Amino acid sequence: MLRCRPMLRRLRPGRRSGSPVDFRRREPGTFEDCAGPAPVPSVSRVIDIQNLSKRYGDTVAVDGLSFTVRPGRVTGFLGPNGAGKSTTMRMALGLDHPTGGRVLIDGRRYRELSGPLRRVGAMLETRDVHPGRSAYGHLLWLARSNRIPAARVREVLELVGLEKAARRRVRGFSLGMTQRLGIAAALLGDPPVLLLDEPVNGLDPEGVRWIRNLMRGLAAEGRTVFVSSHLMGEMALTADHLVVIGRGRLLADTSTREFIEANSRSHVRIRTPEPERMRRALTAAGVRVRQAADGTLEAYGTEAAGVGELAAASGLTVHEIATETASLEEAFMRLTGEGANDRTAAPDTADGTDRQEAPDTGGGTNDRTAAPDTGDGAGRRAVRPPSGERRAGRR
Amino acid sequence: MDMASARAVLAAEWVKIRTLRSTPVTLLLGVALSAGLGYLLGLSFSAGFSDTAQERPEPAALLFATFYSLTLGQLPLVVFAVLTVGGEYSSGTIHASLTAVPRRGAFYGGKMLAVALTVLGVAVVTVPAAFFAAQAGLGRYGMPPDADGVPQAVLGSCLYLTLICVFAAGVTAMLRSPALSLGVLLPVFFLGSQGLGNVPKVKVVAQYLPDQAGMVIMRLTGPPGDPGFGRPYGPWAGMGILALWAAAALIGGYLMLRRRDA
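Protein chains in written order, with my numbering: chain A, 1 to 395; chain D, 1 to 262.
Read the hints as simulated data drawn from the structure, not as lab findings. Please note that a few of the clues may not be correct.
Derived Cβ-Cβ restraints for the label pairs, each shown as a range [what the hints assert, rightly or not]:
1) A:Asp204 with D:Asp261: 29 to 39 Å
2) A:Glu163 with D:Pro151: 17 to 27 Å
3) A:Ala151 with D:Ala4: 49 to 59 Å
4) A:Gly64 with D:Ala237: 52 to 62 Å
5) A:Arg167 with D:Glu55: 39 to 49 Å
6) A:Gly57 with D:Gly105: 53 to 63 Å
7) D:Ala179 with A:Arg171: 53 to 63 Å
8) A:Ala151 with D:Val25: 25 to 35 Å
9) A:Arg171 with D:Val125: 43 to 53 Å
10) A:Gly101 with D:Leu29: 45 to 55 Å
11) A:Arg167 with D:Ala60: 47 to 57 Å
12) D:Ser90 with A:Thr68: 35 to 45 Å
13) A:Arg265 with D:Gly252: 55 to 65 Å
Source: prediction; values computed, not measured. Just so you know, even glycine gets a beta-carbon here, dropped at the ideal spot from N, CA and C.
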């Protein structure tokens, strides 16, 4: 079972003594080789992706991507499965060779970084821990390779709540524990830049919330947090900034708030025994109305309060007035052009929308932690056409 | 790359090796097989010498009896080398490894050196253990450690085991799969030394296989002139051929690591 640990308190900059940064601040020479780099000016914590491409034969996985990931905020890297997110991250880490373009972190290619775990913490979606090794053993060799003191291994194990399982072999770990070990490995070098590939995949709601808080805390400390996901709802809750790709191309690079405002469409649903009178009253007030399949009315371009006042003024009986926000998942799929086939069957879906009694502070986000994976089914296409002819083109 | 980073990579690779259960299993099996089989073979050869009333057997025959167990004892060590390199790929650890040590040459060099040093360390125990076990089995035919050809054979065996494991590690780095690598390597070692190497026509080529060449120094394959097992090269030339195989496999593995996506 996952537990929600008081991560944020540990990671707040105010408590430096207990923070992950510790080991760099100890007396020089305490560890054999801890002459780590001086604190880095935040300007260099940037991930700069320039015209990045990756081709596998005729298939284009990543197609001329250019964007910049900045420190101090969580940047969500959003796209359906197969959009090229993992490939981009793997190229950022120097695991895959780009066909064209480059990724610079701190102004350098990943392979040129010395002590890369101290500069960049990464968690890949693919399994990368030997099942026969213990959690401690895995973190220990990672630490040794970058001259990170072994004491730091214990710290990160505690940080992610794996201290009791540290000596157990990873083979027997649950998915949640494996994800926590991945986070521990990413935090091992106390890096100013973090790349996390689908970190919430397969986690229960509590684990999702834990990782969300962790990422927000790390960004609040001034770190660069770049996290990929195919879940629009999850990113809307976690990310400050969104980079959306589809079929390897950049579709949007915008703040989360702007993205939501631009892409979510809301309306007011009215349940009334007198639909015809209600419709007339609304139309007379200049509100666009349509009748849904279940007999309720949908009013566009107005708010629940206005509808209520109008109903009262007209002496109409109303059973329900609710604001409904078209789900971001839908907007996301529209943008990425992946959901078209799936959704044509139900043009005025009541199930595709998210009912809320009052507009939420999240600006109409989908507040389900274990959001439905809309990307699945719609987006699982291993082979894509060479050129994205269905580009939604929001640059 | 500076010395400190190189040492760090080597240290990390050593931690990887010692934190897997397969390491002690394969290495201990290698020692046990070499020594145990060495003793049994010593007994068997001793009985053979008695039966044929050989008061003073040829030194080459005694060397053969002494080191023959290594042909089997080497296999767990080869498995160790294959698992150490191939496990990176089968478990996905290679992603973490190359993220931690992005310079391919540094990672590869560290891993290969760690494999070589570990096997050399085990060989330094295994070979004397096998030697003394075999002498115990040989009983009155047993040789003292300073007998003619023995020091060279002991030194050669340690080198042989190390090089053969480096060769196996390089092949695994090329094939990127432990199962595939074992499937390729084990038949070569079994068929090469036990079969093909002694079949007249095939021998022309098979005698240059890595294990065949390296074994001359232990008199497991003969020096020039030996009718059955004779080789057109001497013990150290044979070791050189094995070293060339190991170097070729190392280079091949490195090129593969450099070229391919992880």
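We went through each hint and held it up to the structure:
1. Asp204 (chain A) and Asp261 (chain D) have their C-beta atoms about 33 Å apart, which keeps the hinted 29 to 39 Å range intact.
2. Checked against the given bound of 17 to 27 Å, the beta carbons of Glu163 (chain A) and Pro151 (chain D), roughly 52 Å apart, lie outside it.
3. For the pair Ala151 (chain A) and Ala4 (chain D), the beta carbons lie near 19 Å from each other, so the given range of 49 to 59 Å is not met.
4. For the pair Gly64 (chain A) and Ala237 (chain D), the supplied restraint of 52 to 62 Å holds, since their beta-carbon distance comes to about 56 Å.
5. Between Arg167 (chain A) and Glu55 (chain D) the beta carbons are some 59 Å apart, a value that contradicts the proposed interval 39 to 49 Å.
6. Between Gly57 (chain A) and Gly105 (chain D), the C-beta spacing of about 28 Å breaks the proposed range 53 to 63 Å.
7. The hinted range of 53 to 63 Å is not satisfied by Ala179 (chain D) and Arg171 (chain A), whose Cβ atoms lie roughly 18 Å apart.
8. Ala151 (chain A) and Val25 (chain D) have their C-beta atoms about 30 Å apart, which keeps the hinted 25 to 35 Å range intact.
9. Checked against the hint of 43 to 53 Å, the C-beta distance between Arg171 (chain A) and Val125 (chain D) comes to roughly 30 Å, which is inconsistent with it.
10. In this structure the supplied range 45 to 55 Å holds for Gly101 (chain A) paired with Leu29 (chain D), their Cβ-Cβ distance being about 49 Å.
11. For the hinted restraint 47 to 57 Å between Arg167 (chain A) and Ala60 (chain D), the CB-CB distance of approximately 51 Å keeps it satisfied.
12. Ser90 (chain D) and Thr68 (chain A) have their C-beta atoms about 37 Å apart, which keeps the hinted 35 to 45 Å range intact.
13. Checked against the hint of 55 to 65 Å, the C-beta distance between Arg265 (chain A) and Gly252 (chain D) comes to roughly 59 Å, which is consistent with it.
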